[in-house]
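Model the placement of chains B and C with the ligands on the given structure of chain A, informed by the hints.
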Amino acid sequence: MSIDKNTVTKIARLARIKVEDSEKERLAVELSNILKMIEELDAVNTDGVEPLTSVVQMQMHAREDVVTDGGIPEKILKNAPESTAGFFVVPKVVE
Amino acid sequence: MSASHALIKGETGDWEIVIGLEVHAQVLTKSKLFSGSSADFGAAPNAQVSPVDAGMPGMLPVLNKECITKAVRTGLGLNAVINKVSVFERKNYFYPDLPQGYQISQYQHPIVGNGEIEIDLADGTVKKIGVERLHLEQDAGKSLHDQHPSKSFVDLNRSGNPLMEIVSKPDMRSAEEAGAYVTKLRAIVRYLGTCDGNMDEGSMRCDVNVSVRRPGAELGTRCEIKNVNSVRFVQQAVDYEARRQVEVIEGGGTITQETRLFDTKNGTTRTMRSKEDAHDYRYFPDPDLLPLVVEDSFVADIRKSMPELPDAKKHRFMKDYGLSIQDAGVLIAEKERTDYFEIVAKGRDAKLAANWVLSELLGALKKAEKEFGDSPVRAEQLGGLIGLISDNTISGKIAKEVFAEMFATGKEAADIVESRGLRQVTDTGEIDRIVSEVVKDNPDKVAEYKGGKDKLFGFFVGQILKKSGGKANPGLVNDILKKKLEE
Amino acid sequence: MTKLTDLTIAGALAGLKKKDFTAVELVDAHIAGAEAARHLNCFITETFDAAREQAKQSHDRYTKGTALPLDGIPIAMKDLFCTEGVQTTAASAILKGFKPPYESTVSGKMKADGMITIGKANLDEFAMGSSNTTSHYGNVINPWKRKGDNKDLVPGGSSGGSAAAVAARIAMGATGTDTGGSIRQPAAFCGISGIKPTYGRCSRWGVVAFASSLDQPGPFARNTEDCALLLRSMAGYDPKDSTSVNKEVPDYAKVIGGSLKGLRVGVPKEYRIEGTSPEIIALWDKGVQMMKDAGAEIVEVSLPHTKYALHAYYVVAPAECSSNLARYDGVRFGARVEGDNLIDTYEKTRQAGFGAEVRRRILIGTYVLSAGYYDAYYNKARKVRKLIWNDFIEAYKKCDILLTPTAPTPAFAIGENTSDPVTMYLNDVFTIPASMAGMPGMSIPVGLSSDGLPLGLQLIGKPFDEETMFRAAFALEQAAKFTAVPQNIVGKAA
Ligand SMILES: [Mg+2]
Ligand SMILES: [Zn+2]
Numbered sequence: 001m002s003i004d005k006n007t008v009t010k011i012a013r014l015a016r017i018k019v020e021d022s023e024k025e026r027l028a029v030e031l032s033n034i035l036k037m038i039e040e041l042d043a044v045n046t047d048g049v050e051p052l053t054s055v056v057q058m059q060m061h062a063r064e065d066v067v068t069d070g071g072i073p074e075k076i077l078k079n080a081p082e083s084t085a086g087f088f089v090v091p092k093v094v095e
Numbered sequence: 001m002s003a004s005h006a007l008i009k010g011e012t013g014d015w016e017i018v019i020g021l022e023v024h025a026q027v028l029t030k031s032k033l034f035s036g037s038s039a040d041f042g043a044a045p046n047a048q049v050s051p052v053d054a055g056m057p058g059m060l061p062v063l064n065k066e067c068i069t070k071a072v073r074t075g076l077g078l079n080a081v082i083n084k085v086s087v088f089e090r091k092n093y094f095y096p097d098l099p100q101g102y103q104i105s106q107y108q109h110p111i112v113g114n115g116e117i118e119i120d121l122a123d124g125t126v127k128k129i130g131v132e133r134l135h136l137e138q139d140a141g142k143s144l145h146d147q148h149p150s151k152s153f154v155d156l157n158r159s160g161n162p163l164m165e166i167v168s169k170p171d172m173r174s175a176e177e178a179g180a181y182v183t184k185l186r187a188i189v190r191y192l193g194t195c196d197g198n199m200d201e202g203s204m205r206c207d208v209n210v211s212v213r214r215p216g217a218e219l220g221t222r223c224e225i226k227n228v229n230s231v232r233f234v235q236q237a238v239d240y241e242a243r244r245q246v247e248v249i250e251g252g253g254t255i256t257q258e259t260r261l262f263d264t265k266n267g268t269t270r271t272m273r274s275k276e277d278a279h280d281y282r283y284f285p286d287p288d289l290l291p292l293v294v295e296d297s298f299v300a301d302i303r304k305s306m307p308e309l310p311d312a313k314k315h316r317f318m319k320d321y322g323l324s325i326q327d328a329g330v331l332i333a334e335k336e337r338t339d340y341f342e343i344v345a346k347g348r349d350a351k352l353a354a355n356w357v358l359s360e361l362l363g364a365l366k367k368a369e370k371e372f373g374d375s376p377v378r379a380e381q382l383g384g385l386i387g388l389i390s391d392n393t394i395s396g397k398i399a400k401e402v403f404a405e406m407f408a409t410g411k412e413a414a415d416i417v418e419s420r421g422l423r424q425v426t427d428t429g430e431i432d433r434i435v436s437e438v439v440k441d442n443p444d445k446v447a448e449y450k451g452g453k454d455k456l457f458g459f460f461v462g463q464i465l466k467k468s469g470g471k472a473n474p475g476l477v478n479d480i481l482k483k484k485l486e487e
Numbered sequence: 001m002t003k004l005t006d007l008t009i010a011g012a013l014a015g016l017k018k019k020d021f022t023a024v025e026l027v028d029a030h031i032a033g034a035e036a037a038r039h040l041n042c043f044i045t046e047t048f049d050a051a052r053e054q055a056k057q058s059h060d061r062y063t064k065g066t067a068l069p070l071d072g073i074p075i076a077m078k079d080l081f082c083t084e085g086v087q088t089t090a091a092s093a094i095l096k097g098f099k100p101p102y103e104s105t106v107s108g109k110m111k112a113d114g115m116i117t118i119g120k121a122n123l124d125e126f127a128m129g130s131s132n133t134t135s136h137y138g139n140v141i142n143p144w145k146r147k148g149d150n151k152d153l154v155p156g157g158s159s160g161g162s163a164a165a166v167a168a169r170i171a172m173g174a175t176g177t178d179t180g181g182s183i184r185q186p187a188a189f190c191g192i193s194g195i196k197p198t199y200g201r202c203s204r205w206g207v208v209a210f211a212s213s214l215d216q217p218g219p220f221a222r223n224t225e226d227c228a229l230l231l232r233s234m235a236g237y238d239p240k241d242s243t244s245v246n247k248e249v250p251d252y253a254k255v256i257g258g259s260l261k262g263l264r265v266g267v268p269k270e271y272r273i274e275g276t277s278p279e280i281i282a283l284w285d286k287g288v289q290m291m292k293d294a295g296a297e298i299v300e301v302s303l304p305h306t307k308y309a310l311h312a313y314y315v316v317a318p319a320e321c322s323s324n325l326a327r328y329d330g331v332r333f334g335a336r337v338e339g340d341n342l343i344d345t346y347e348k349t350r351q352a353g354f355g356a357e358v359r360r361r362i363l364i365g366t367y368v369l370s371a372g373y374y375d376a377y378y379n380k381a382r383k384v385r386k387l388i389w390n391d392f393i394e395a396y397k398k399c400d401i402l403l404t405p406t407a408p409t410p411a412f413a414i415g416e417n418t419s420d421p422v423t424m425y426l427n428d429v430f431t432i433p434a435s436m437a438g439m440p441g442m443s444i445p446v447g448l449s450s451d452g453l454p455l456g457l458q459l460i461g462k463p464f465d466e467e468t469m470f471r472a473a474f475a476l477e478q479a480a481k482f483t484a485v486p487q488n489i490v491g492k493a494a
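Residue numbers (the working numbering), protein chains in the order written: chain A, 1 to 95; chain B, 1 to 487; chain C, 1 to 494.
FYI, nobody ran anything at the bench for these hints, they're computed from the structure.
Think of the CB as a built atom: it goes at the ideal place given N, C-alpha and C, for glycine as much as any other residue.
Careful: at least some of the hints might be erroneous.
[Claimed, not checked] Part of the chain C face toward chain B, derived, beta carbon under 7 Å: (1) C82; (2) Y102; (3) E320; (4) A326; (5) R327; (6) S370.
[Unchecked claim] Lysine to aspartate or glutamate pairs mimicking EDC-like chemistry, simulated, CA-CA at most 16 Å apart: (7) K440(B) - E486(B); (8) K18(A) - D340(C); (9) K307(C) - D42(A); (10) K36(A) - D420(C); (11) K484(B) - E437(B); (12) K18(A) - E357(C); (13) K483(B) - E437(B); (14) K240(C) - D69(A); (15) K151(B) - E82(A); (16) K484(B) - E430(B); (17) K466(B) - E430(B); (18) K30(B) - E64(A); (19) K18(A) - D344(C); (20) K348(C) - D21(A); (21) K466(B) - D432(B); (22) K92(A) - D340(C); (23) K240(C) - E64(A); (24) K10(A) - D280(B); (25) K75(A) - E103(C); (26) K348(C) - E23(A); (27) K151(B) - D344(C).
[Said to hold, decoys possible] Rough simulated footprint, nothing fancy, chain C against chain B, three-plus residues with beta-carbon under 8 Å: (28) 51-62; (29) 99-111; (30) 288-301.
Only chain A is shown next, with the shape it has when bound in the complex:
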């Protein structure tokens, strides 16, 4: 499988990263090379192998249902590029 310019456009859109047309050719080549390397995996026989879910061999621990956080709107908004009246502000979204 090799990645062409259209695929670059498609995944760049999914990843929300602007890619200039001038870069697409180069990127397509770079990504295709990485993909070529990755595809050497096809040589490995994985029939009947369970995918590894995690390297930690334990059961997941869970929290008690208590309120231990929040109540810090100013800290939450402090790093925001734009905020008003306690809200984060973004360019208008059309629903």
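Frame of chain A; chains B and C with the ligands shown alone:
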């Protein structure tokens, strides 16, 4: 109206509506699904947000135990399979109210599998609706689009709230069935205490999947109507959307699978523009979490703690109290209603209790636009009134007057009966006196009666009751009057 | 008396207790060193003033006799650890000016033990790189030079600033994070020691995520004992990290010096990968001999899927990073580039905010997860990962620890190996297998290349058996007697 009557009559023939529902029910918890901030409704913007909920760098999710318990509890309430192992995955997409850039949700391996619930239809029929799955997932924040001409405002208080997404099978065939399903689901989670079912505050929201087809034909292309938040709106959305689809198809067009919005103002649906560009959610297991394992013993303990659920109650009411399926259905539809009824019926004539709750009280509440929760007549008080009827202290007719006053003033039945001297006359001497008077005052009628005009009996009874101010016990009046007229 | 900046952590603690010098003197000496070595670009943010303040408080504790376990020790903190109120950038433009309202668990534990951070260390952007050349804040220069060649060399990566700072005697120890080799490879390039602990040993809470299933914090220091002291402070169960393992933390320093009698050291035959410098293969053989001389039993083992670890890694790591880095959208924190509409704003923000390598990995990760490719790439990689894990479990039936090279080459010059990303990725060929299996790994300086650059060997231990790793590392250290120092260190002119 039940399924069979729900066909849409199109220009080219009948169309069957096929409906499946995805209900998002907020798990009743103090804190969020993966963070320790409060899950309450209505706080100041971003006041219930932790760095985890804001998707800040290096923040990690830790699962809330209570959500596991309540998801399993709900699963059991839906008569569903509980999956020993479930997996949280990431659903990746960009949206301002999705701080992490992904929603943590159970995708391939939900915590609850196949289940089934009964819905009650107006014509007294009962239909089983399949539940495909229930999974746990994070809620998103809220975007406000109407605050500024060129900006949207984002409040993350809701971001990370625990949701149970309950997905039905496409088993519903009419707006009524869809409404009945949501009503029943809401009753179940409220009986279980796993969700407050508060649809105005959005703790229960429905995604309605609608398609149409020729009766019995292959499934048609469906449209998903997002976030419909009342039973009435669900029904409106189904009706509008089904008709729209029929018109499109009969007009020679085809239905394209899409996400639509419901407009509460005019009851219509429209394409959701922000969902137009094709989605590819790139699900994969969340590497910040491990598979969730629920032990059999854990499930068994929850099973032991299960309360009696709406359908079980319904069947018990029918069996023990001899109530019709409709009456039983109405009584279990709302938890407060059921609780109210059970207090009234406790140790009393349940059939009589049911009649009063369903007719007098329900009617009065509707008129006063009140809920059972805030009824001016408390269950114990209505029970008192029914007691007075059962022991012949007052007649049913008087009882209605007493009830009206109770409803208006909140007074106890007994006090009203006493203060207004409404006690039924059961003293035979007193009744005998009145009967004799009436007979004496109407010699000619007596003659006609004796002459064979039997229906005059009613006339005498009427006169007697009138004289007694409605308080004479009708039974006694009959017996004594008969004797007198035989003389 | 040896220069304060030449002391080991253990030595410094002894000196502080004996009042040979004060914490203020110790910290000032290192700050002076940092100022003198600014051209190495080890730090993105210097925290000298705060450090001086903390040094005073540390001094008070020593005088009051209430000193903390590692009180007054100046360290470098990789700028991937969120530090409350102090800029944390992950070496990315997109986080320029970001001041977290929280402190990472690991940096918090070190602070609580009295350690003093003198700066936020430079790294590859979002820890993606093996040469520290992808940092938005400029590359780090390795304090080492080739014999008779003044070319600037890379310190390795991603934890390049941390490794260079410790090697240059700017800090006595440092934190790093290791996803595919980001502690072990720079340790080898800079001639110091570094550990990637067992996955789950150190909390990831508050550490900017690259690839969650692989990331693991760990320490750098100039010898094994110092690494043991630092790891003991950094490690431990954290209820805020669902992948943190609840096992208590042993006193690692105690095991140091123990004999290697009965220790079975595995030598994986598949690690003789072509493209590896003959000098490194030779060093490896030397290391094996050293272990044998120290009393260990040498066994050949097989890790058949080693050669596929790199390939699987370049599916798993980009996939996870493509999702982990979605939060950098210019909405709640970080830089925003305004566009014509929301999507345009997202796209411009992320185009301008991320460097080329980060964008490349996000795109690859997005691709391998996208509809239709999940099973072919991501799931395939997870299955191969299982096989790699099985390899180690099998090998550990025959041995207690593995000895391998750390990196296929010594440090290279800035600009070399950068033409093609894939060649650059090969730097981690020896370190990635342990990362994929979650095993602990450690790099120790064992010798010099013919042109005078440090070379390291890697020990790979059993899960949560860092103790055996330290025991073996110390023995290797004793045998190797690595005393060479970089040309570019405090006191020497650059
Ligand atoms: Mg949905
Ligand atoms: Zn959902």
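These are the hints, each one checked on the structure:
1. C82: Interface hint status for C82(C): holds (5 Å vs cutoff 7 Å).
2. Y102: With Cβ-Cβ at 5 Å, under 7 Å, it holds.
3. E320: holds (6 Å)
4. A326: This interface hint holds because 2 Å falls under the 7 Å limit.
5. R327: holds (4 Å)
6. S370: This interface hint holds because 5 Å falls under the 7 Å limit.
7. K440(B) - E486(B): Status holds; Cα separation ~14 Å.
8. K18(A) - D340(C): Roughly 13 Å between the alpha carbons, so the hint for K18(A) and D340(C) holds.
9. K307(C) - D42(A): Satisfied, since the Cα-Cα distance of roughly 13 Å is no more than 16 Å.
10. K36(A) - D420(C): Satisfied, since the Cα-Cα distance of roughly 13 Å is no more than 16 Å.
11. K484(B) - E437(B): Roughly 11 Å separates the two Cα atoms, so the pair holds.
12. K18(A) - E357(C): holds (15 Å)
13. K483(B) - E437(B): Given pair K483(B), E437(B) holds - Cα atoms ~14 Å apart, limit 16 Å.
14. K240(C) - D69(A): At roughly 12 Å apart (the allowed maximum being 16 Å), D69(A) and K240(C) satisfy the hint.
15. K151(B) - E82(A): holds (11 Å)
16. K484(B) - E430(B): With a Cα-Cα distance of about 14 Å, the restraint between K484(B) and E430(B) holds, given a limit of 16 Å.
17. K466(B) - E430(B): holds (14 Å)
18. K30(B) - E64(A): holds (10 Å)
19. K18(A) - D344(C): Holds, at roughly 8 Å.
20. K348(C) - D21(A): The hint holds at about 14 Å.
21. K466(B) - D432(B): holds (15 Å)
22. K92(A) - D340(C): Holds, at about 10 Å.
23. K240(C) - E64(A): holds (12 Å)
24. K10(A) - D280(B): holds (10 Å)
25. K75(A) - E103(C): holds (13 Å)
26. K348(C) - E23(A): With a Cα-Cα distance of about 15 Å, the restraint between K348(C) and E23(A) holds, given a limit of 16 Å.
27. K151(B) - D344(C): Holds, at roughly 14 Å.
28. 51-62: Our answer is that it holds, as 10 residues pass the Cβ test (under 8 Å) against chain C, meeting three.
29. 99-111: Holds, because 4 residues of the region 99-111 of chain B bring their Cβ atoms closer than 8 Å to Cβ atoms of chain C.
30. 288-301: holds (count 3)
In terms of the numbered hints stated before, the structure departs from none.
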